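J.: Given next are the chains, with one letter for each unit.
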Amino acid sequence: MLALIAAHLVVAGLLPLVSARSTRAAFGVAAVLPAAALLWALAGAGPALAGGIDETTAWSPALGLELSFRLDALALAMIVLVSGIGAVILAYCIGYFRPAAPEATRSAAWLLAFAGAMLGLVLADDLLTLYVFWEITSIASFLLVGQGGERKEERRAAVQALFVTVFGGLAMLLGFVLLGEAAGTYRISEILADPPRGGAVTAALLLILLGAFTKSAQLPFHPWLPAAMVAPTPVSAYLHAASMVKAGVYLVARLSPAFADLAVWTVPVLVAGVATMLVGGWRALSATDLKRLLAFGTVSQLGFLMVLFGAGGRVAAMAGIAMLLAHGMFKATLFLIVGAVDHATGTRDVRELSGVGRALPGLAVAAALAAASMAGLPPLIGFVGKEAAFEAFLHGSVENWAVAAGLLLGSVLTVAYSARFLWGAFARKPGRDATSAHGLGPALTVPIWLCAVAGPVLGIATPIVDAEASSYAAALPGDPGYHLALWHGFGLPLLFSAVAVAGGLALHAARDRLAPAAGLSPLDAQRAYEKTLSGIARLAVGVTGRLQVGSLPSYLSTIMVMFVLLPGVAAVLAGAWPTSAPLYHDLIQVPLAIVVVISALAVTRTRRRFTAVLLVGVIGYGVGGLFIVDGAPDLALAQFLVETLSLVAFVFVLRRLPPHFTETRPSRRVRVPKAMLGAVAGFAVAVFALVLSAARSEPATTSAELARLTPEAGATNVISAILVDFRALDTVGEIGVLFVAAAGVASLVLATRYDRQRRAVPAEDGEGPPRQEEDVLG
Amino acid sequence: MTAPEDKPFEEWDRPRQGWMLSGDCRGHRQRTLLLEMTTRALFPTVLVFSLYLLLVGHYGPGGGFAAGLVAGLAFVLRYIAGGSDAAVRLRPPVLIGLGLTVALLTALAPTVVGAPVLATTKLALDVPLIGHVETQTSVFLDVGVYLLIVGVVLDLLRSLGAGIERDMREAGETPS
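For the record, the sequence lines run as chains B and Y.
This note's numbering puts the first residue of the first sequence at 868, with every later residue one more than the last.
This note's numbering puts the first residue of the second sequence at 1452, with every later residue one more than the last.
Simulated from the structure, these hints should not be mistaken for laboratory data.
Some hints could be false.
To be verified - From the structure, some residues in chain B lie toward chain Y, with a derived Cβ separation under 10 Å: (1) 1501; (2) 1502; (3) 1503; (4) 1504; (5) 1505; (6) 1509; (7) 1511; (8) 1515; (9) 1516; (10) 1588.
Claimed, not checked - When the alpha-carbon atoms are kept at most 20 Å apart in a straight line, the in silico SDA-like pairs for lysine to any residue are as follows: (11) B:1541 x B:1422; (12) Y:1573 x B:1577; (13) Y:1573 x B:1422.
Since the structure is predicted, the reported quantities are computational estimates derived from the model, not experimental observations.
In this text, a Cβ means the ideal position worked out from N, Cα and C, and glycines have one as well.
Please put together the full structure from these sequences, using the hints given.
T.: Listed below in structure tokens is the structure:
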């Protein structure tokens, strides 16, 4: 399994090479791997449904990290969506994207990488493995929605999707850690076999649900999904309808068998799910953009799926599997159809499209099939799922009946927006000329039909879905005799289905009065998101403005005061004075120390910058001399070299600075506190040095050890052995820091001149790479 | 060499060792001939010395950091004597990146043979004419540090040296 996932990612990395020759070929190549993954999963369906296929690769045994994967019934259902629909959509891309369009190159590689990550997500049997793939899908979504980032709405939607899903993802990671620690294992199958309980688990589950809700666009996090519709249609179809947004639902489905008996798990899921189903369906009724309509429909359906998987009953879970498959199929079909309509007419606005059904009858039939499955009409798979869903909740407690009522209302809305979709896309609207549409090639229509016929095929082949669903739901409590079927006889579920269809059609008939009302909403989650963001930004500006005042003296005094207060006071109170502290142990130290002290005093008196720089240099060289006296030639060499270089750098900078620090001599009131603070800080450093030199209670074993080991490192110089062998990792880290510092200095000095210039002359247009970038890169 | 009399001076006596000191001279008021001549002699010498420091690091004072600084100071001298450089086009970011890459590859290379990250081993070669040469693989880490430090110093020269000089020219000030 790992090899299959890795193959996705590797081929995705190489795909730009193919795209450079032909983007169509790139999509063709990209479609092969998901298709292979689907075939592989179907070939393993027997053992997968019987119990599951495990695969574990130790990654870092010392840290207990491993990459474990498991193919079971739920994973199999998700792979049908992830890889099956993925392959179809990648094939659709061949006809959808203009050849050599920049978004085609980008999308091909990222769609395939996403397919790999999503495959990893659904196969992962380890919480941390799952988390890694989860975040990769978020990043892929960000890049696919943002595309080139040239349009403002692309950037905004991409950032919103990323913020919301990554916020949830981080919460989920916390939850995973809590859960893994409580259970003593991060293996999902082991947690499911022996679910932990306790306060930590409660917190963990809430955090995990936060992750699932953000990813699956549940209330109140849903607005990112409609906003993400700025992405190219195949991307929306794949990520934001068929697969990625189902990750949250998948996670709930994965963990439900272990935690569905806890109110902390079921109550949030049921409440959020039903609310999301209703709000999504209601908002879909006012959408005029076909993609937004479908996006709100997806939000609604995701709420539905959450309810089914979170409820923790056997029948509900079976309905969930059926609806999961059904939704993936019909929603992908509908999105691909919107893409085709857009392609043929140049618009996807309900108010502009008219009479497309007559121009593109084949497309209209495919759309009708998919919409019928969405609305829950027999003999399609959507009907099977909805029947089972009603059946699951039409028993027992008041809560169950309340959920059933919510689902019925949601289904009414679903039928209404299904009808609205068909009407909006294909119907001939009175008083409006038929939209001109050109014909569509097989590259677009064949994938659409492949997805569209899945609805009736799966409906007729319900026993296969039933085997799949029973295998998943086996662990859950509930009527063990129930099976998914097209016909259960007359009963409440059938009545509910009929009411849903009739109510939905009635709602659609009243669309002229309803649509304006559906557009109004007292609470706008999108506005809440924007308010939160601007609030955080304001807070950040406020904090930064107060802490970063831009005055070097105030920064320095903050550092010095803290130094004197914390380590300084601690050293005086708790430190032991050295028993023997000779003033000097080599006569040459005396003149060196005198030079250093005199220079240090002189620095404080000087008013010319150049003099100060030279005096600081003298101090540095003097300290270097002390190093030589104490027998540290390596240290002295480095000290001299760094001192020289900093002297040169200072002199370079001084060319642009006035010769004196201040024009006039600062007043006594400023100088005296500064001098006192400086003196105290200096004194504290001296005390610190003395106390620390006496703090050693044991002989310096490490030094002896290092000296002993030096020949083993092939060196006779212990400093070098430390730098490149014993502490080589530190060295690598330090040069990394140096790299960052150098890049920072170059950017600050070289790039700010363009800011100054821009202030002088009007801003240049944004064409071409900015000159400052060229400058900084050399 | 052809007869110099009938040709202008620049054609027959243009300095050819551009890499020692850029021939691009600033206004004659800023030139110090003494410094230029010294730099021509010192620049290659200091570079060789920096290589010596790089290689001797295992056995005495030196190592990649000190050697890189020495080499960087050679370039500083060259800048002070000859102004910003057109003859030697070393792009500091490339050098820094190269150094970082060399260091990281050195760090990761031992994992290929199953050793832990940053493990070192002895290299012994019998080079004709020179004889038996021994060193450690960790010298490559030092080489990475060396390249990176040279790049950092060159970056400093580029931003604080030539960059400020250009700013002053644009602001209409004469470099002092």
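J.: Decide, hint by hint, whether the structure agrees.
T.: Each hint tested on the structure:
Using the Cβ-Cβ criterion of 10 Å, the hint placing residue 1501 of chain B at the interface with chain Y is satisfied: the shortest such distance is roughly 5 Å. Satisfaction of the interface hint for residue 1502 of chain B is found here, the shortest Cβ-Cβ separation to chain Y being roughly 9 Å, below the 10 Å cut-off. Hint on residue 1503 of chain B holds. Least Cβ distance to chain Y is approximately 8 Å, under the 10 Å limit. Annotation: interface hint on residue 1504 of chain B holds; nearest CB of chain Y at approximately 5 Å, less than 10 Å.
A cut of 10 Å between beta carbons decides the hint on residue 1505 of chain B: the least distance to chain Y is about 6 Å, and the hint holds. The interface hint given for residue 1509 of chain B is met, as the beta carbon of that residue sits about 7 Å from the closest beta carbon of chain Y, less than 10 Å. Annotation: residue 1511 of chain B was flagged as interfacial toward chain Y, and the flag holds, the nearest CB pair being 6 Å apart, inside 10 Å. At about 5 Å, the closest approach between the beta carbon of residue 1515 of chain B and any beta carbon in chain Y falls short of 10 Å, and the interface hint on this residue holds.
Interface hint status for residue 1516 of chain B: upheld, as the beta-carbon distance to the closest one in chain Y is roughly 6 Å, under 10 Å. Of the supplied interface hints, the one on residue 1588 of chain B holds, with its beta-carbon coming within about 8 Å of a beta-carbon of chain Y, less than 10 Å. Our distance criterion of 20 Å between C-alpha atoms is met by residue 1541 of chain B and residue 1422 of chain B, whose separation comes to about 13 Å. Taking the CA atoms of residue 1573 of chain Y and residue 1577 of chain B, the gap is near 13 Å; set against the 20 Å cutoff, the hint holds.
Between residue 1573 of chain Y and residue 1422 of chain B the CA atoms are separated by roughly 49 Å; this puts the pair beyond 20 Å, and the hint is violated.
Checked against the numbered hints above, the structure breaks only hint 13 and satisfies the rest.
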